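Trainee: Now for the letters of each chain:
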Amino acid sequence: MRTRRRHRAIATMFAWAASLTIAFPLLWTLLTSFKTELEAVSFPPRFLSFDWTLANYRGILAEGDYLHSLVNSVIVAGGSSALVLALAIPAAWSMAFAPTHRTRGILLWMLSTKMLPPVGVFIPIFLFYRDWGLLDSRTGLVLLLAAANLPIAVWMLFSNFREVPGEILEASRMDGASLWQELVSVLAPLALPGIASTFFLVFTLAWNESFWTLNLVTTEATPLTAFIAAFSSPQGLFWARLSAASILSIVPVLLIGWLCQRQLVRGLTFGAVK
Amino acid sequence: MTAGVAIRQRSYLQGPGRLLLAPAILLLLAASIAPLLVTIKFSLSDYRLLFPDSSGFVGLSNYARLVASPDFVPALVNTLMLIAVVLAASIAGGLGLALLLDGPVIGRGGLRLLVISPFFVMPPVSALLWKNLLMQPVSGFFAWLAALFGLPAYDWFSHAPLLSIALIVAWQWLPFAALILLTSLQSFDRELREAAQLDGASAAAILRHLLLPHLARPIAIVVMIETIFLIGVFAEILVTTGGGTASTDLAFLVYSQAMLQYDIGAASAAGLVAVVFANILAIFLIRAVGRSLEA
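Keeping their order, the protein sequence lines are chains H and S.
Using the numbering used here, the letters of the first sequence correspond one by one to residues 1 to 274.
Using the numbering used here, the letters of the second sequence correspond one by one to residues 1 to 295.
These are calculated hints, taken from the structure and not from any lab test.
You can take every hint at face value.
Incomplete in silico selection of chain S near chain H, CB under 8 Å:
#1 T39
#2 V105
#3 P118
#4 P123
#5 W130
#6 F141
#7 L250
#8 L272
Model, not experiment: these values are computed from the prediction.
In this text, a Cβ means the ideal position worked out from N, Cα and C, and glycines have one as well.
This is chain S alone, in the form it adopts within the complex:
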């Protein structure tokens, strides 16, 4: 009887259910799927803003031109390097911080506020502050630190532009990793840990055999979510180096092909390379998150 009511209820709700879902789906179709299809079309056309008449189907020649261009391979490598450095630094640092904050510390609330702050700073602000106040080789703070130790000042952006940008981005994402891992550490079974301590397990053994396995899933999720955002790193490059082969990633390559060289076809092809790249990673994330749906 109740089951019958529930089923009737459900079917009664399906009409309004579809109706209420429609606006959200329409906006997403209009802002993501439709333009993506147009990008695919552009990537197969000869389309340059300076010669608007030249548009026409050209097959894969944009891709061939893109791959042959001297900017493409460096941009691909830079994108991978940037993601790798930021992930390694933010997760290693975040794990260290999470372990410290999970310890018997006084004032954990204040510590959390300090640690989370960089995460809420807009990218152009963090990039400009780091570039000028900290990394500038003449009177920046790092130059002073180096002088304290009798070292010569390091000209970050001339010698290692990509690494400098990666450090800045890692600083923005370290708090995210730290807080996710801290949350997960705090849900860890205290009793299990104390039992291991009583049995004489060393701190290293507890970390290795109890905590790290417990953290494997949150670390995987941090990796995937950071990667989604790291594929699109743009503002940090724009306001510091303004491009150049040494620090251009795929996102910036699309921008410079389209906005500086007016080559819509090649820019679209580069954008689609980024999309394919992101999709490979997305498959993994969807699986991990989809599993949590059933749980």
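Only chain H is shown next, with the shape it has when bound in the complex:
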């Protein structure tokens, strides 16, 4: 009994030490965000004995660049995720409840487009966007990020819908429900947890997407990824400011991630890990 308790204490200690090490860069950033610039670069580093200040956060919030990018990130990630659901729910319905001999092939084809590296399509899309005035526009980003995340959403929803009993949908059809009613009033409520976690996964992926958002926008439509990338030089020398900006940029999706970690991580394996 005692050895078992000791075993437990040792296992707990190692697990916490390892996990804190993994999270350390973020904890350190959080700490640095409350320092003055001078204390942030002091050597040896200060751990807790420094003058805690909110000046970095106040400074960033006062400047407006952050808020501008935050609004863009919310619109681009939210808009593209909504568009993804609007396309993926009907598609997944069709695959789960009205399958044909082509369904499996189409699913795999959709998945295969996800294997296409963005650089394989970057140049035509860039030139097309330039000619059509979609560069530096939120609409342009919404469309592209929706296309990028659509395969994952269709897969997640498809595996989710297959667990909904088809008889319920058939019963509603017998009762004369239209296809729209069947999707919105019958299927959506039944599959709501799956739809919600799909939304959160594609929202998170869109929020953090750092190829298109760095290459297709310059000033007007810059989301938070581009706001942070602008710190690469020489602003990156201001560590306390960089830290506060970083914390402000990652907090929304970090909260989402904490709330639905299991579904999000599993969703990314296309249902291959249960």
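Chain H is already provided as a structure; the job is to place chain S on it using the hints.
Mentor: This is chain S only, laid out in the frame that chain H set:
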């Protein structure tokens, strides 16, 4: 009778079924297949943004120029090295963490939150934090750690830019590996494991003969999914080294050929090399995932 109804139902549904599938397919065609075909065309044309009149079919000469250029082979090697280092580090670390968290620990929920966090950090943030707060050789945290042990500070980005970037990317993907493997470990049959313990199997033997075979499939899936994303590593390079032969991968090479040198033909050829590379890996993933469809 019921079978007849089901079949009639099905055929009744095929019309709307096609209709509802069409928008998703159209968007994917427009955003992936169509531009891919245009990339192929560009890669066979002499197309430079500075000389817009010079476009014309030139066969494979873009590919020849690309392969002969001093940047290409390093970019290919860097891409492979980056993928190899990140996979090795994230899977070894993730496996270790998963085994620790699967043990009899107090506060597993809190541990999961700590471990998963890096996965949700956007790439430019993690790259800049690591480069400045941790790896900076004068007052970064690692320099202080080195000083504690009486070692000289290591200038990460001057001496080993690719390895530094790989470490940062590995930090982002380690949580993914850890959580997938933890999920899989927790679905492992406890009774089987306890029976082995009662029979006197050592922890190493249980890991080697029971757990690792059980984890083979999830590890394979982690390898493939990480690889899909690792072929496209871009932001971490842009905000830290900004390129250079020592840290440019294929994705960054396409960017610099097109956006900095305006050579659309060569950039398209490099993009297609990345596509072929990804496709070879994709064949394996489609097989593994396709199997789970039938299960």
